[in-house]
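Residue numbers (this note's numbering), protein chains in the order written: chain S, 1 to 68; chain A, 1 to 137.
One or more hints might be untrue.
Claimed, not checked - If you want the footprint, here are the derived chain A segments under chain S, 3+ residues with CB under 8 Å:
| no. | region |
| --- | --- |
| 1 | 26-37 |
| 2 | 46-57 |
| 3 | 61-69 |
FYI, nobody ran anything at the bench for these hints, they're computed from the structure.
Bear in mind that the values here come from a model prediction, so they are computed numbers and not experimental data.
We treat Cβ as the ideally placed atom computed from N, Cα and C, and that holds for glycine.
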Amino acid sequence: MRVKRSWFVLLAVVLAAAVLCEQQFGTHEAPRGQPALVHLDAGSLDTLRTGFNGAQDSVRLIVLLSPT
Amino acid sequence: MASILKRYPDAAARVFVVWEPILSTDWSPPSTFAMHLIPDGRARQYWDPDHMVAKQLAADRRAPQPEEECCDRSGILWDLVAVYPRGATWNDRMPVAVLFNGPVVDVRSEIESSLTASPKAVAFRRYTDRFPPVPEW
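When you get a sec, could you build the whole thing from the sequences and use the hints?
Now the structure itself:
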């Protein structure tokens with residue numbers, strides 16, 4: 001019986017870890033206060049330019065990063 | 001980047017974070033975990049699988065913009081920050097950046113200087129950059 005209970009606990013931990021991993025690494029949600037991630041293609045590059053030119057009162061930074 | 005923005009919460013700044021596939025593990029858009037590495041509300045995040053922004057930045061490099069000292073992998077710019085002063089406009093070409101270098105972690109102090117530079121100082125620098133350098137005697 002004790003062995004069975006420990007298996008249930010282990011299973012629960014594994015499931016919780018899987019759910020947490022799925023939330024963090026399987027989704028693409030922007031932080032609160034930011035708009036959703038924009039997928040750039042030939043038709044949507046102008047959204048970046050519009051955002052850039054729309055913030056003329058601010059210093060603008062473009063940062064190129066790799067996701068991993 | 002997040003720590004810099006956190007240090008200057010009142011700085012008038014807009015950060016365009018462009019994620020692009022560079023490493024062999026970059027087979028999907030940035031995860032929620034990666035995007036939350038830059039949680040500041042002044043940031044906007046983009047996924048650029050075709051490197052369009054990197055190519056545009058590379059194509060529009062010109063004097064007096066400083067030349068980067070790194071940040072190239074197979075001909076694609078990455079791990080780089082370009083900083084543009086207030087008033088700069090992106091028309092058919094990107095404007096001239098006042099900072100164009102990386103890796104991002106190594107240019108922290110330059111980024112901070114750009115964020116705290118007064119608009120008058122930036123305007124003066126843009127004005128003086130139009131003239132050739134004074135020769136040494």
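Going down the list of hints, with the structure as the test:
Counting residues of the region 26-37 of chain A whose CB lies closer than 8 Å to any CB of chain S gives 10, so the stated coverage by that chain holds, three being the minimum. Interface restraint, the region 46-57 of chain A with chain S: holds (10 residues with C-beta to C-beta distance below 8 Å; minimum three). Coverage of the region 61-69 of chain A by chain S is violated. Counting CB-CB distances below 8 Å, 0 residues qualify, and the rule asks for three or more.
Figure legend: structure checked against the earlier numbered hints; the only hint not met is number 3.
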